[in-house]
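The sequence shown begins at 0 in numbering that gives the first Met the number 0 and counts up by one.
What the hints contain is simulated information worked out from the structure, not anything from laboratory work. Incorrect hints may have been included.
Pair by pair, the computed Cβ-Cβ distance ranges are [unchecked claim]: (1) L237 x G292: 27 to 35 angstroms; (2) L212 x L245: 28 to 36 angstroms; (3) E142 x T34: 20 to 28 angstroms; (4) S254 x E229: 51 to 59 angstroms; (5) D244 x T86: 51 to 59 angstroms.
No more than 27 angstroms apart at the CA atoms, straight line, and that leaves these computed lysine-lysine pairs for DSSO-like [as the list claims (entries may be wrong)]: (6) K119 x K18; (7) K197 x K173; (8) K109 x K119; (9) K109 x K40; (10) K173 x K119; (11) K173 x K40; (12) K11 x K173.
Think of the CB as a built atom: it goes at the ideal place given N, C-alpha and C, for glycine as much as any other residue.
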Amino acid sequence: MSGFAWVVRDGKAEPVGIKQAIGRPGSLVWVHLTTTDEHAKTWLGGEAGLSPYVTEALTAAETRPRCDPVEDGAVINLRGLSTEEMTASDPLASIRMYALGGCVFSVTRKPFSALDPVQKRVEAGQILDPGDLIAALAQEITEELDPVVAELGDSLDDCEAQIAAHHAFELRRKVNLTRSTAIGYRRFLYPQRIALEKLAALPGDWLRDDDRLHLNSAADRAARMAEELESIRERSALIHETLTDLRAELIDQRSLIIAVAAMVFLPLTFITGLLGMNVAGIPFAHAPWAFWGVFWLCVAIAVSITGYFLQRHWFPK
């Protein structure tokens, strides 16, 4: 069972062993586990003394952002960036927390980017209680996600510019990737906003007024990112439709050129095939002017057909 633990007392933070953190006095005892195996589950329900409901919530295989009051505390699940490569359908790692009084138990299954900066703030004495810790995690998560979401929007701006520059065929993969990434992020950011707002409204003295303000601020940023992701998803769909239309238009143009070329050469092929039959009785077969006569006849027919199509505006511009 791997992880870490911090005990904050009198404004000073001290790293301790996970098992030694239980029962230690302090304004904040933070125990973090980086695994959800059976040993961790047994320890949380045994030595840590957590209820079966809380233990199951902390070690569940699949989680979505949520906030559920439990007795005098709360179970909070949040999603943020991971240092490990994630799938397109599940692009954000989860952190599950249970806050009660002066204690916070947290569990992650994947490497969680926001943990290291928050640990440094704990070590520096900037985080003094559970409310500070959860608010700091929420703020760090939104600060890391903000530029990622903005980069998705910039990526679509580039795609739109390239469409205007007629580089449509190079963009289909990029647009599809941007769209799937935005859908994956939005899947978790929208419920995360609701969870943060619900957490900020929970009664309890372990959340101070400034903690609630920070949580509401993080919820507002999550809401803004969710709205931006929805806009990105809609813009991606529109760009994809535009690319499909451009592709269909280009195929139609090429098909039209092929059809016109076939119409020009079809009568010429008929004439040359007819005169090229190896049978007796072909008119003017021995006349000295016959070859050039047939040649200029074919030229006249080709020019006439081409002129007809030009007059009818069949050629694409």
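Results for each hint:
Between L237 and G292, the C-beta spacing of about 59 angstroms breaks the proposed range 27 to 35 angstroms. One distance hint, 28 to 36 angstroms for the beta-carbon pair L212 and L245, is violated here, with the actual separation near 49 angstroms. At roughly 26 angstroms, the beta carbons of E142 and T34 sit within the given window of 20 to 28 angstroms. Here the CB-CB span from S254 to E229 is close to 38 angstroms, at odds with the stated 51 to 59 angstroms.
Restraint check, D244 to T86: a C-beta distance of roughly 31 angstroms breaks the suggested window 51 to 59 angstroms. For the proposed pair K119 and K18, the alpha carbon gap of about 21 angstroms is at most 27 angstroms, so the pair holds. For the given pair, K197 sits about 36 angstroms from K173 by alpha-carbon distance, which is inconsistent with the 27 angstroms threshold. As the CA atoms of K109 and K119 are separated by approximately 20 angstroms, the hinted pair is consistent with the 27 angstroms bound.
Under the criterion of a C-alpha separation no larger than 27 angstroms, the hint pairing K109 with K40 is consistent with the structure, at around 16 angstroms. Between K173 and K119, the direct Cα distance comes to roughly 37 angstroms. Violation of the 27 angstroms bound is thereby established for this hinted pair. A distance of roughly 42 angstroms separates the Cα atoms of K173 and K40; the hinted pair therefore is violated under the 27 angstroms criterion. Pair hint K11 plus K173 does not hold up; C-alpha atoms about 49 angstroms apart against a cutoff of 27 angstroms.
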